[in-house]
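*Asks:* Sequence:
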Amino acid sequence: MAPVPFFGLEATHNPHRWYLPVVPELCTWHEFLFGGCGLGAAIEALERTSGRPLVWATAQYLSYARPGSVMDLDVTVPVAGRSVTQARAVGHVGDTEILTVNAALGERRLSVPGQFVEMPDVPPPDECDDRPTRFDDDRDTIMRRIELRLARGRGHGEFDGVPLPDGRSALWARIRDLPETTAAKLGVLGDYVPFGIGQALGRFVGGNSLDNTLRVVRLVPSEWILVDVAVHAVDRGFGHGLVHLWAEDGTLLATASQSTIAREWSDPPTPPDDDPTSGGATSGGATSGDPASGD
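Numbering follows our numbering, in which position 50 of the sequence shown is assigned residue number 57; successive positions increment by one, without gaps.
Hints may contain errors.
[As the list claims (entries may be wrong)] Label-pair ranges, simulated between beta-carbon atoms: (1) Gly88 with His239: 26 to 36 Å; (2) Pro12 with Gly121: 16 to 26 Å; (3) Pro12 with Asp167: 34 to 44 Å; (4) His23 with Asp136: 21 to 31 Å; (5) Trp63 with Pro186: 44 to 54 Å; (6) Trp63 with Asp167: 31 to 41 Å.
Calculated directly from the structure, the hints in this document are not laboratory data. A virtual CB, placed ideally from N, CA and C, is assigned to each residue, including glycine.
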């Protein structure tokens with residue numbers, strides 16, 4: 008499989024070890040690796056090691072990787088069957104474990120495929136407004152690499168504290184320098200439940216992702232991908248939800264589910280200090296949740 012330049016994942020002499028330079032373009036405004044990028048890089052390493060396409064992957068986010076560091080990804084393959092490989096990737100910076108990803112990879116022929124859910128009825132990308140970032144910042148971060156348009160939901164100035172009855176919101180997303188539809192790309196775009204939490208509550212609430220489980224259905228070309236978020240509940244300081252990732256033609260590409268540490272942000276927003284773990288965020292998460300909002 009050809010490497011994906013978007014992540015900058017590098018091979019080593021060991022086919023089971025990869026390394027990822029943590030550059031600002033993979034990080035959030037808060038200056039640590041965006042969790043979706045961590046999962047995407049791990050998926051790329053798993054696919055390239057096994058030689059098989061991803062079926063599902065689940066990431067547990069454990070700590071932060073800062074710009075300028077290098078995250079090693081070690082791939083273990085406990086089982087490689089005739090059609091399915093079970094594998095694991097552990098990302099670490101030195102002795103600090105950043106994330107752990109368990110996955111299954113493979114492909115089987117079946118004569119009776121079917122899709123039993125439908126893409127929500129939202130305006131096409133060219134009829135939707137751009138979703139700007141909350142902070143006026145010209146740094147090269149992941150926010151500058153993902154173009155977002157609000158298909159269903161509220162802008163930052165429209166949060167009124169009134170919850171959405173169905174907890175649903177949606178964004179059109181495009182990554183210009185990653186035009187192909189790949190499982191690694193979907194790993195990046197599946198990390199948007201924190202965006203949906205703020206939308207569902209009608210407040211400046213986001214969070215740190217504790218995990219992300221991606222289930223790949225079918226990969227088809229699509230310039231824009233609809234990130235269809237359903238928040239199920241927010242309670243005890245945590246939020247839980249599901250993302251459906253749709254091609255423009257209505258094909259279900261994948262689903263992603265997450266639990267997050269829910270956090271209220273200031274209104275009007277204030278930039279974070281030099282330590283993104285301040286205020287109690289000392290555990291959980293290589294991701295800040297919604298990179299496009301500065302959360």
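*Asks:* Hints first: check each against the structure and report whether it holds.
*Replies:* Hint check results:
1. Gly88 with His239: 26 to 36 Å: Roughly 34 Å apart at Cβ, these two residues keep to the hinted range, so it holds.
2. Pro12 with Gly121: 16 to 26 Å: violated (35 Å)
3. Pro12 with Asp167: 34 to 44 Å: holds (42 Å)
4. His23 with Asp136: 21 to 31 Å: violated (45 Å)
5. Trp63 with Pro186: 44 to 54 Å: Given a distance of about 24 Å, which is not inside 44 to 54 Å, the answer is violated.
6. Trp63 with Asp167: 31 to 41 Å: Holds: the Cβ-Cβ distance is about 37 Å, inside 31 to 41 Å.
Hint check: violations occur at hints 2, 4, 5; the rest are consistent with the structure.
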